[in-house]
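*Asks:* Line order of the protein sequences matches chains A and B. Each residue of the first sequence is one higher than the last, beginning at 1 in full-length UniProt numbering. Each residue of the second sequence is one higher than the last, beginning at 1 in full-length UniProt numbering.
Certain hints may be false.
[Claimed, not checked] Below, a list of computed lysine to aspartate or glutamate pairs in the EDC-like style, where the Cα atoms sit at most 16 Å apart: (1) Lys-87/B / Asp-101/B; (2) Lys-181/B / Asp-243/A; (3) Lys-181/B / Glu-247/A; (4) Lys-87/B / Asp-205/B; (5) Lys-87/B / Asp-201/B; (6) Lys-234/A / Glu-184/B; (7) Lys-21/B / Asp-109/B; (8) Lys-144/B / Asp-256/A; (9) Lys-181/B / Asp-256/A; (10) Lys-144/B / Asp-132/B; (11) Lys-28/B / Asp-56/B; (12) Lys-53/B / Asp-36/B; (13) Lys-234/A / Glu-268/A; (14) Lys-87/B / Glu-102/B; (15) Lys-28/B / Asp-52/B.
If you are wondering where the hints come from, they were derived from the structure by calculation, not from laboratory data. These figures come from a predicted structure and were not determined experimentally.
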Amino acid sequence: AERPAEEQQLGAVQQPERAAPARQAAHLLRRRARQHRQPGQRLGRRAQRLPPPAAGQGGRPGGQRLHRHPAQAVFARGIAAASGRFICVGTSSGLVLVFDIPSKGTNITLSEVLQEHHDSITDIASEVGENPDGAADLVTADDSGALCVWRSKEEFSLLTKISAFGWTCSSVKLWNGVIAAGYGNGQIRLYEATSGALRATVSAHARWIYALDLAPLTGKLLSGAEDSYVQIWKLSRSPDTGDIEIEHCHSECVTDTQLCGARFCDPEGNSFAATGYDLSEIVRYGQV
Amino acid sequence: MFMNDIITTMFNKKFMEELFKPQELYSKKALRTVYDRLAHASIMRLNQASMDKLYDLMTMAFKYQVLLCPRPKDILLVTFNHLDAIKDFIRDSPNILNQVDETFRQLIDMYSCLSAGEFQLIRQTLLIFFQDMHIRVSIFLKDKVQNSNGRFVLPISGPVPWGTEVPGLIRMFNCNGDEVKRVEFTNGGNYISPQREGSFDLYGDRVLKLGTNMYSVSRPVETHMSGASKTLASHTKENAAPNPLAKEELNFLARLMGGLEIKKPNGSEPGFRLNLFTTDEEEEHAALTRPEELSYKVINIQATQDQQQNEELARIMGEFELGSAVQWKSATLSKSAPLLRTAWSSYSKVSTAMSPQSISATRAQRWAASPMWTPS
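The whole structure should be built from the sequences, with the hints applied where relevant.
*Replies:* Listed below in structure tokens is the structure:
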């Protein structure tokens, strides 16, 4: 009796003829949500719903606490194209849905479901630079701050997992085997994609980072945060040591604006645009 | 007191049960309806225009608090600040206090364990509700937290949130995990380290000021400036250190009072008056404009006239517990402050650091919390 209700819920926002993969996905979302939560698992534990205090119940004034799942928000977040034929979509349950997009026609099918994350997906990034065979080409990030690195060929395989350090990873980018991750405490971290090793930490912002972008031709990195700043960085790899380096290039303050989106406007990173909460404009900056 | 009525209605068990159920955010219309019902739960009656103004004020104040939260989890601290202030209003009514404490516990149970990402989702949902509201609020404009275009000022200085590092440092590691390079950069702001984290317990120092009573600060009124007064920066209860000279003078007076032999007034003694305002005119003006509903008793004691002066003074003295040195109890002080002020109208003029020129309904509260009378 529960399934029809779920489908109805998702079906309301879908076109009828494309409902097939969505229905499958919705079913997976619900099952996943029921399965993986263990009592006592602190990370990502959802709010407990308290029953109304009964008059006759003794003990604690609030009554006994029941361990059942409250209604949860269901949403999709994070999207990226992979290998020129897949579109990956993140969900609130932590599942990543991989859709196969045919070169002709509208028959989009759900090809795979990646089940490595236990918390809501925040962002997905695919490789925007050079991609030698066998290397990582997809990164997924979640609410707890964990990252998963994938290789996509016919099927997706998990290369490595980068554990969280206590803060949400809100945004992630992948370039030439370097993962750039922005976190809710204002920090940017760089990782080696194939091994997952930490290569740099940057105390970049005083507030939650919302946006990261990479200019693939130059390796310029852009970060936008709630502290109203856009910071521009330059990524590089030392030819002798192979060490990943990052240097600060520029600061731009969008006065009184909590930035929620920022992007380079060209692949070299000579211009960028930003917008924020309560702003009905997109502000564009260019190098003079 | 209408405050009790409103708070009792707000924290009604059934209403709270409904609120705690997981649900979508109320629509703007629904919220306004709830607000109207709450405001009219007491004998207070507001006309439509006043109601609109009050609702706008509440909306913008809450938007400000949610927007400026340094960390997403701080929206919970803001809520706790709200509840602390509410508990202060009803601290003499144990039944209502119990209701509020119960709600407090439920909030702690339900929300303390949410992750930062979940809190940010809640915060974003709230911010969407408040999007595009830019009503100008005079108290915010005066405090320079809101621009004249209605948008809030986002500070780029001050302490970073708990868990965030002060921006400016790049650390680079080799493939073995050893730090090989350290570079500093200027991020543009002027940030410092945070002192400590706010408490998420039933009682505790929240540290965060968002959500505290924004009317507890005395602000100089722009319009009239009495002769000798300087422009006063507004100071809050927490920041103002008691003026040591004023404290000493009050202590001295108390010692005098303790050892004072009350003689029958003969009319020739000039006597002296305690005036807490900058000028006599201000004192008279304040007395005239004091709202009626503030229900403290005023005792007029004239040094040269009253036969009953002995009895009055003796009774007032009985309100305070005076030991060999002067002992001040803050609870007694805050309740009896108005009594204190008029009782000592027979003593000397003491100039104060405070200039209560602003006129508002919470004046009694502000007087009672005058920084001079904070016990040492």
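*Asks:* If a hint holds in the structure, say so; if it does not, say that too.
*Replies:* Verification of the hints:
1. Lys-87/B / Asp-101/B: Roughly 8 Å between the alpha carbons, so the hint for Lys-87/B and Asp-101/B holds.
2. Lys-181/B / Asp-243/A: holds (10 Å)
3. Lys-181/B / Glu-247/A: Holds, because 11 Å separates the two Cα atoms, which is no more than 16 Å.
4. Lys-87/B / Asp-205/B: With Cα atoms ~15 Å apart, Lys-87/B and Asp-205/B stay inside 16 Å; holds.
5. Lys-87/B / Asp-201/B: holds (15 Å)
6. Lys-234/A / Glu-184/B: Status holds; Cα separation ~14 Å.
7. Lys-21/B / Asp-109/B: holds (13 Å)
8. Lys-144/B / Asp-256/A: holds (12 Å)
9. Lys-181/B / Asp-256/A: Roughly 34 Å between the alpha carbons, so the hint for Lys-181/B and Asp-256/A is violated.
10. Lys-144/B / Asp-132/B: violated (20 Å)
11. Lys-28/B / Asp-56/B: holds (12 Å)
12. Lys-53/B / Asp-36/B: holds (12 Å)
13. Lys-234/A / Glu-268/A: holds (11 Å)
14. Lys-87/B / Glu-102/B: Measuring from Cα to Cα gives roughly 12 Å; hence the hint holds.
15. Lys-28/B / Asp-52/B: This hinted pair holds, its Cα atoms lying about 13 Å apart.
Checked against the numbered hints given earlier, the structure breaks hints 9 and 10 and satisfies all the rest.
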